[in-house]
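What follows is the residue order along each chain.
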Amino acid sequence: MSNVPADLKYTKSHEWVRTLTDGNVEIGITDHAQQALGDLVFVEVPEAGRTVKAGEACAVVESVKAASDVYAPLDGQITAGNPKLSAEPETVNAEPYGAGWLMRVRPAPGALAAAQLLSAAQYQKVLDAEGG
Amino acid sequence: MGRQTPLFRLHQELGARIIDFGGWEMPLQYGSQIGEHHAVRRAAGVFDVSHMCVVDLTGARVRAFLGRLLANDVAKLIACGKALYSCMLNEQGGVRDDLIAYYMSDSWYRLVVNAGMRDKDLAWIRDHARAFDVQVNERTDLAMLAVQGPEARAKAAQLLAGADAAAALALGSFFGRELGCWFVSRTGYTGEDGFEIMMPARDAEPAWRSLNSLGVASCGLGARDTLRLEAGMNLYGNDMDESTQPFESGLGWTVALEPRGRDFIGRGALEAVVSGGSPRKLVGLLLEDRGVLRSHQKVLVASGGEGEITSGTFSPTLERSIAFARVPAATADKVLVDVRGKLLSARVVKPPFVRAGKSLVT
Chain A
674 MSNVPADLKY TKSHEWVRTL TDGNVEIGIT DHAQQALGDL VFVEVPEAGR TVKAGEACAV
734 VESVKAASDV YAPLDGQITA GNPKLSAEPE TVNAEPYGAG WLMRVRPAPG ALAAAQLLSA
794 AQYQKVLDAE GG
Chain Z
63 MGRQTPLFRL HQELGARIID FGGWEMPLQY GSQIGEHHAV RRAAGVFDVS HMCVVDLTGA
123 RVRAFLGRLL ANDVAKLIAC GKALYSCMLN EQGGVRDDLI AYYMSDSWYR LVVNAGMRDK
183 DLAWIRDHAR AFDVQVNERT DLAMLAVQGP EARAKAAQLL AGADAAAALA LGSFFGRELG
243 CWFVSRTGYT GEDGFEIMMP ARDAEPAWRS LNSLGVASCG LGARDTLRLE AGMNLYGNDM
303 DESTQPFESG LGWTVALEPR GRDFIGRGAL EAVVSGGSPR KLVGLLLEDR GVLRSHQKVL
363 VASGGEGEIT SGTFSPTLER SIAFARVPAA TADKVLVDVR GKLLSARVVK PPFVRAGKSL
423 VT
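Protein sequences appear in the order of chains A and Z. In terms of our numbering, the numbers along the first sequence are unbroken and rise by one, the last being 805. In terms of our numbering, the numbers along the second sequence are unbroken and rise by one, the last being 424.
Because the hints were derived from the structure by calculation, they are not lab data. Heads up, some of the hints might be wrong.
The calculated lysine to aspartate or glutamate pairs, modelled on EDC-like cross-linking and capped at a C-alpha distance of 20 Å, are [as the list claims (entries may be wrong)]: (1) Z:K404 - A:E729; (2) Z:K404 - Z:E368; (3) Z:K404 - A:E763; (4) Z:K404 - A:D742; (5) A:K757 - Z:D351; (6) Z:K138 - Z:D325.
Just chain Z, with the same shape it has in the complex (with noise of 0.2 Å):
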């Protein structure tokens, strides 16, 4: 028996098909899949994210602690309500997991952080944030809802009373804010604009119904993989994890190196592969042949060398199959890839593969 979300009932009542996800009992989908994945695409659908986990941590010194926890800097961060996403590595440049940090005051942060990741991921920052005497404060009494989609944004702040739903209204991307007891955030996980909305527990289900009634539809995890697939955006586990560092992650924009006096966990390790040039690199793949990608197929390259597919699926907007795949440094621009014994050919791309409803690839 997995932990369940305050909006586990709900997804039952709506006839979600339930899995596993990182401990979690979680919906998989509601009806299609693909049916899901065209609503964001096309409209606007809500996913329930409260799985994953919400961290405030607050001090006087927070902002010098997460120079230390993060592999990306903080300081980047000039505005309040600013989002910043960013790696958390061990000492050997391994990413420990990914996450996003909210600058909301100078002395306080918020971070969310994987489901799956959530008692590894706060015994490691309650390890580090002793020295900076920074509090560590899981805050399991909040629900996470994401609506994402074209229509997204004008949806979900019809839940907001009129200064609210105008102040939402008017944040930029990345960006998020208090609103009551709400905080609602311009990011996501699609590639579609949209809000990411905290809320207090007992306000997620009568929202999520507020949602449907308006046309939003109930979206699940199988949707929000095939979703952020195309979106070019890796997922924990699947694309990186502790035994792969960013640079072959595809993450190497999430590391700051400047200003060099910054001393990251982890600083170390990636100097040395950033002087030597990392042997590997994650690249996308796009399918010629008929037949579907997944992770772990093996991807033969041309010049010599083999790759591994990290993530792979049917992409329900280009109609073909996707993946990502991580590759020896030197693989061009066509790879094959061995799928049920067969061997498919696929063109190397630069992901995104699909941003605000549109294809990026030809």
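Extracted from the complex, chain A is given alone in its bound form (with noise of 0.2 Å):
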């Protein structure tokens, strides 16, 4: 059973995020994600100021077993990568909800109401669809 914390919003592509409280948004993958994908072994993060649309791919995740692609959520300017991942992509797989985020973004103007994220609990009715 995976965690699914109730404070983030969440992608159908399993992707979460966290509003923080200068208006710009952390984004990373779910507990769920990072169990299906199993050892991290190499993450690829945007460069900060670049510009992404909602549905595009901007990051790369693999394990493994095998390359996944992460969606930004929302249009938006990338303001940071984490730093931390390139040498140490474990930290995903340890703490996805935590020092494991992915990127962070500011917004354009209306992206977030537009992105129709999940809920906690919406997000879980995915999960149990899958059979996760």
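Got two chains here, each in a separate frame; can you build the complex from them with the hints?
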């Protein structure tokens, strides 16, 4: 059973979104996603300054088994990629909702509302439907 | 619903993630795949390989039959119990399967073939066995455990009674022998020392639990794949298949063209390749950039031409990506690989990458 914190928003493609006090958002992959991938061995995060559109592939997480794209949950501009992950990709397995965050984004005006993110309860239903 | 080994319920109880492998429901991993990999390199791990197909061949002319069936020559097996790695070819010299043959007695050889090839192999073997009056007996009654790692033999020997334990520990590399109703061989697919043990299906679960209690880690097919790739061992279906010959699969060393009179299946096709030279070869790649090499990625060669990765992974021992690739014969020491749209540089190396816990590449 994977962990789905109640205070975060989610996407169907297994990203989580945390709104920070400065209005920017922090993005990572869910506990379910890291479990499904297995031990991560390579993470590529976007450079600060890059503009992303909702649904655009903007990071890569690779486990021993497979590579997987991470999609931007909303329109905005990257303010930071997590610098720790190039040397310690396993941080995503250990702390998917904490030190294993992937990127921070300044949402475009109105983008957060337009993104129609899922609540924890809604995301849990997605997992239940997948049998996870 | 796939086929299950006698250990399926135990895998579930141990929390394994189950995947389909060649029509079998097998454990991919129990916890961390990398943790299981390191357990085998540093101590000992146990794998369920009961899905592999054990075939006993018996008859007065069994040696002549294998001389026809296999590209390697069972005449190399002088002492009872000795094992031989060989390809079984089609008439075009393509690899139908790879296998291990054990010389049990002058009228009995034992083959171990790949799980996914079971039905095709049995049909092929039976077809050709008729002319030699050889009996083909599939041993579905046996389970098989692979216990691998620097501590594997000492731990596994504790499952045996005193005299049998001593006999098992005295086995030379690539030798096996019957000990009671078990068949213990000093073979494996990890690049580490260890045993593969065939046993009656009912013995498998207690043996596994005893090994766990001796500190031997349960290991799944995920770790088995990274271990074999580090060890420079091919995987049938990835690195060679019916459309590729041994000489372009890094398996030329397993083809016995001497003595010339031995008319094995595929010989004619291979002789043409030997005289003309194989246009392609299988090499090891070590990724110099960050990223992970995967099968089917395109390889670009400076001297012209292209190749393809046949198996690629992250090497937990080397902490970088490694691969096998089939490339033009003229390929020198550097290549570029198209990894998800980016060209990354890789160095051509001669496998194995790792043996007995030690890195062989720098």
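Q) Can the restraint linking K404 of chain Z and D742 of chain A be considered satisfied, given a maximum Cα separation of 20 Å? A) This hinted pair holds, its Cα atoms lying about 15 Å apart.
Measure nothing beyond the straight line between the CA atoms of K404 of chain Z and E763 of chain A; if it is 20 Å or shorter, mark the hint as holding.
-> The given pair, whose Cα atoms are some 23 Å apart, is violated under the 20 Å limit.
Check the hint pairing K757 of chain A with D351 of chain Z against an upper bound of 20 Å on the C-alpha distance.
holds (18 Å)
Is the hinted pair K404 of chain Z and E729 of chain A satisfied, with a Cα-Cα distance of at most 20 Å?
Measuring from Cα to Cα gives roughly 18 Å; hence the hint holds.
Review point. Taking 20 Å as the top limit, are the C-alpha atoms of K138 of chain Z and D325 of chain Z close enough?
Key: holds (16 Å)
| query | Quick one, are K404 of chain Z and E368 of chain Z close enough, alpha carbons at most 20 Å? | reply | holds (16 Å)
The structure shown violates just one earlier hint, number 3.
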